[in-house]
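Engineer: Each chain, letter by letter, is given below.
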Amino acid sequence: MNSITNVSRRGFLQGALSAGALVLSVRLVPEALWAADAPPGSRADQAVLHPSVYLGIDTDGTVYVMAHRSEMGTTSRTSLPLVLAEELDADWSRVKVQQAIGDARYGSQDTDGSHSIREFYDPMCEAGGTARLMLIRAAAQQWGVPEGECSTEPHVVVHKASGKKAGYGELAAAAAKLPVPKKEELKFKPSSAWRYVGKGQSSCDLEDICTGKAKFGMDARTEDMVYASIEHPPVLGGKLKSYDEKGPLQVKGVRQTVAIDTFTPPHHFQPLGGIAVIADNTWSAMKGRQKLKPVWDNGPHAAYNSEQFKKELQETARKPGKAARNQGDVAAAFAQGGKILEAEYYVPHLAHASMEPPVALADYRDGKVTVWASTQNPQGVQEVIAEKLGVPKESVTCHVPLLGGGFGRKSKPDFAAEAAILSKKVGRPVKVVWSREDDIHFDYFHTVSAMYMKAALGSNGMPTAWLQRSVFPSIGTTFNVDATAAGAGELQQGWTDLPFDIPNMRAENAGAAAHVRIGWLRSVANIYHAFAAQSFANECAHAAGRDSVEYLLALVGPARIVDIKKSAPDYPNYGGSLESYPIDTARYRHVIEVAAGESGWGKKKFGKGQGMGIAVHRSFLTYVATVVQVEVNDQGELRIPRVDTAVDAGLVVNPVATRNQFEGAAVFGTSLARFGEITATDGVVDQANFDSYPVSRMNEAPYQTNVHIVESSAPPAGVGEPGVPPFAPALCNAIFAATGKRVRELPLSRTKLA
Amino acid sequence: MVQLKVNGVQRSFDGELDMPLLWYLRDILGLTGTKFGCGMALCGACTVHQNGKAVRSCITTMQRAAGSEIRTIEDVAAHGLHPVQKAWMQVSVPQCGYCQSGQIMQAISLLNEKQKPTDQDIDDGMSGNICRCGTYQRIRAAIKAAAGERA
Numbered sequence: 001m002n003s004i005t006n007v008s009r010r011g012f013l014q015g016a017l018s019a020g021a022l023v024l025s026v027r028l029v030p031e032a033l034w035a036a037d038a039p040p041g042s043r044a045d046q047a048v049l050h051p052s053v054y055l056g057i058d059t060d061g062t063v064y065v066m067a068h069r070s071e072m073g074t075t076s077r078t079s080l081p082l083v084l085a086e087e088l089d090a091d092w093s094r095v096k097v098q099q100a101i102g103d104a105r106y107g108s109q110d111t112d113g114s115h116s117i118r119e120f121y122d123p124m125c126e127a128g129g130t131a132r133l134m135l136i137r138a139a140a141q142q143w144g145v146p147e148g149e150c151s152t153e154p155h156v157v158v159h160k161a162s163g164k165k166a167g168y169g170e171l172a173a174a175a176a177k178l179p180v181p182k183k184e185e186l187k188f189k190p191s192s193a194w195r196y197v198g199k200g201q202s203s204c205d206l207e208d209i210c211t212g213k214a215k216f217g218m219d220a221r222t223e224d225m226v227y228a229s230i231e232h233p234p235v236l237g238g239k240l241k242s243y244d245e246k247g248p249l250q251v252k253g254v255r256q257t258v259a260i261d262t263f264t265p266p267h268h269f270q271p272l273g274g275i276a277v278i279a280d281n282t283w284s285a286m287k288g289r290q291k292l293k294p295v296w297d298n299g300p301h302a303a304y305n306s307e308q309f310k311k312e313l314q315e316t317a318r319k320p321g322k323a324a325r326n327q328g329d330v331a332a333a334f335a336q337g338g339k340i341l342e343a344e345y346y347v348p349h350l351a352h353a354s355m356e357p358p359v360a361l362a363d364y365r366d367g368k369v370t371v372w373a374s375t376q377n378p379q380g381v382q383e384v385i386a387e388k389l390g391v392p393k394e395s396v397t398c399h400v401p402l403l404g405g406g407f408g409r410k411s412k413p414d415f416a417a418e419a420a421i422l423s424k425k426v427g428r429p430v431k432v433v434w435s436r437e438d439d440i441h442f443d444y445f446h447t448v449s450a451m452y453m454k455a456a457l458g459s460n461g462m463p464t465a466w467l468q469r470s471v472f473p474s475i476g477t478t479f480n481v482d483a484t485a486a487g488a489g490e491l492q493q494g495w496t497d498l499p500f501d502i503p504n505m506r507a508e509n510a511g512a513a514a515h516v517r518i519g520w521l522r523s524v525a526n527i528y529h530a531f532a533a534q535s536f537a538n539e540c541a542h543a544a545g546r547d548s549v550e551y552l553l554a555l556v557g558p559a560r561i562v563d564i565k566k567s568a569p570d571y572p573n574y575g576g577s578l579e580s581y582p583i584d585t586a587r588y589r590h591v592i593e594v595a596a597g598e599s600g601w602g603k604k605k606f607g608k609g610q611g612m613g614i615a616v617h618r619s620f621l622t623y624v625a626t627v628v629q630v631e632v633n634d635q636g637e638l639r640i641p642r643v644d645t646a647v648d649a650g651l652v653v654n655p656v657a658t659r660n661q662f663e664g665a666a667v668f669g670t671s672l673a674r675f676g677e678i679t680a681t682d683g684v685v686d687q688a689n690f691d692s693y694p695v696s697r698m699n700e701a702p703y704q705t706n707v708h709i710v711e712s713s714a715p716p717a718g719v720g721e722p723g724v725p726p727f728a729p730a731l732c733n734a735i736f737a738a739t740g741k742r743v744r745e746l747p748l749s750r751t752k753l754a
Numbered sequence: 001m002v003q004l005k006v007n008g009v010q011r012s013f014d015g016e017l018d019m020p021l022l023w024y025l026r027d028i029l030g031l032t033g034t035k036f037g038c039g040m041a042l043c044g045a046c047t048v049h050q051n052g053k054a055v056r057s058c059i060t061t062m063q064r065a066a067g068s069e070i071r072t073i074e075d076v077a078a079h080g081l082h083p084v085q086k087a088w089m090q091v092s093v094p095q096c097g098y099c100q101s102g103q104i105m106q107a108i109s110l111l112n113e114k115q116k117p118t119d120q121d122i123d124d125g126m127s128g129n130i131c132r133c134g135t136y137q138r139i140r141a142a143i144k145a146a147a148g149e150r151a
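Chains as they are written, first to last, in my numbering: chain E, 1 to 754; chain A, 1 to 151.
Wrong hints could be hidden among the right ones.
Claimed, not checked - Per label pair, the in silico range of CB-to-CB distance:
1) A:11 with E:193: 53 to 61 angstroms
2) A:14 with E:241: 36 to 44 angstroms
3) A:18 with E:633: 41 to 49 angstroms
4) E:182 with A:81: 43 to 51 angstroms
5) A:18 with E:241: 26 to 34 angstroms
6) A:121 with E:241: 51 to 59 angstroms
7) E:259 with A:30: 26 to 34 angstroms
To be verified - Interface residues of chain A toward chain E, partial, derived using beta-carbon atoms under 10 angstroms:
8) 45
9) 92
10) 149
If you are wondering where the hints come from, they were derived from the structure by calculation, not from laboratory data. Beta carbons are placed, not taken as given, at the ideal position from N, Cα and C, and that holds for glycine.
Given the sequences, and given the hints that come with them, work out the whole structure.
Structural biologist: Structure, rendered in structure tokens:
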């Protein structure tokens, strides 16, 4: 059900609008579930899968659009309002974007999974189109002309026959008195009339960012606030035995220390526990921490050693696992012989390392909490604080400043709960600032994985059978320590959805216990699954003695819709319907052809140590093929002069943002492929800052990434994450072409390329 | 008591001398445009100008800042957008934007030293500044655009 209600009198946009303004709410929840006087956040259960957005038009013509998704660099805070402005026929320069607080009435605000545009494109169109029709009707009534004779120019309703015009601001009050039109009455613009959608728009925060005025979570300030730096248990689940309470007080500016209890498993989004040093400024708090002399009971995870764990994962991957997808009979096909290939791949734990570490400011007063958190998940902030402080969720107001990167880490609001707990104990607003070392030590890590691959090639070099097995601790362990087996949500990501045209295919998985917190990182399980599958596909091409692009096209096979439910009944398709978002091999083929063609595949002459590699991958319903060109010198030093990536993301609302995302994904992919590795010794993470956990710098990143956006009328799909998965295998396939060295284990820093 | 000038304003500071300039700017003066990223001069998010040269404010103690002139991102556009800021906007460099204050301060310093930087100059000048979103290609393009405008 989808209905739009005029909520001018409901005051939801309090403070943003003057009296008489037109306020529209677009919802996908039944009317009965949405009582006018319900307190904020009271219907999360009903509304959580149903988005809502808000739009207000003030009498001065200012259009306010609530951005209810967190802005961490994908530009959704600009692109979604742009869609609304398009169908409203608004003048973009008169649109003001306002960031929404956390509130279940908006539906899911957890900004992850690359679905902001996909999920909210239609509601934004409807909100804009509804307001436009109401403004037209108000004008037609005032002028006594048929509504059908009226049209709009940006921000103005026009009656061409009489030459009458009225601005949106002038009409807002009259329009607010009209009943809200039904969805069936709305007329949307044909794409040929679009002024904004598909044209490209820079971030609405661009100038503020470039002048240092933009406010990130790190920049939140309030009167009387104090700062906290927290010493966490070095091993997950460790408990505090003792510490020096007086030591930190010797540091000027330190006020007090506060112990925070270690969570009761599962850790979920709870604080880790530890000791907070409260001080007048961040520096004093950090310095005071060095004098805590904590003694810990490290608990059972102190036995975790990642080198040993890696061997265990690899052992498990060599044994049969649970089938997540099966078609034909791989065992029978392998028994028939052919050229048998086997390979094992490994990708270690990774850390998010967004430039802004986790940070939150909380102010607890009289049972109510106000939070400013660098969060992808403001409702999650409400929930965890409510649970930890024993207050109703509605008593927690979460403001969402800009995020200095997120990549999935900031979906988990443990640090915001720390700030709230401390504010209650200290009796003042407390700002918790994680150091870089805290961020890398205590991340919700991208999981560690081992993959085993086996194929039988027939006489034409094409596989007759393909078996793939992945083993990794599941994200599920964050919510249930026993949920070690992968969920369908993880297995869909590059494992059960393999589009190859092979008669006998089997995708298996086996679980593993987690000894650190596991979370989702930009493109999640696609990273290791695509690395294994796309590298192994290239190994098959080489074994068959065929060109990598030609072979990859042959593997994908003829244009068709993959009947995925037949072989993988649990396949969730990223929450999208298979009718709207089928697995379409024509789109795989097209991006391969575009990337190869644009890169000059097969036409360039390469010298020693030079070469190209390709990989193709569909994730978050977007099809991406990436060609990476490399140079490896005699010292084994790697340079990436050029990347060509072809993207079919369906309708692309904002090509500027999309190009940025795919350029950035190439750098993100370079970082994880070249350097990304989190290890642990006796349960303690070995890496701490950008020296031990390097990420790509300018001189290590691709010199030039060309993004080729495929024109498509398919419904919009994701753009934030899908650029990442094909990058590492394309890079490693290029290294193979350039050097003959096959990389089966990331990061590359573990392999000598010379 | 430490005396210094910040964005043209004379200031005095009587706190701990080992406090990094970064936290003085952010927590005490409220100049939050300068960002915290690593605390070890590894990422460049905290870059400001000390007597006209780019420095990492996270390892510049107040003792070392004494007597100097500090300029932060807040002052760069005090009299209209700087050519580097204009170029940044024209090329649409930022994604999340968190590192960009430091990138811009570093780029201004680079362009003060090299009027027409080569790719190698840009690599050498900018590789101390991390951008996790990966905007390096656009940073390079913006620096070239700013250098072109200045010529």
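Engineer: Against each hint, give a clear statement of whether it holds in the structure.
Structural biologist: Hint-by-hint comparison with the structure:
| no. | hint | in the structure |
| --- | --- | --- |
| 1 | A:11 with E:193: 53 to 61 angstroms | holds (56 angstroms) |
| 2 | A:14 with E:241: 36 to 44 angstroms | holds (38 angstroms) |
| 3 | A:18 with E:633: 41 to 49 angstroms | holds (43 angstroms) |
| 4 | E:182 with A:81: 43 to 51 angstroms | holds (47 angstroms) |
| 5 | A:18 with E:241: 26 to 34 angstroms | holds (30 angstroms) |
| 6 | A:121 with E:241: 51 to 59 angstroms | holds (54 angstroms) |
| 7 | E:259 with A:30: 26 to 34 angstroms | holds (31 angstroms) |
| 8 | 45 | holds (6 angstroms) |
| 9 | 92 | holds (4 angstroms) |
| 10 | 149 | violated (15 angstroms) |
Hint compliance for this structure: hint 10 is the single one not met.
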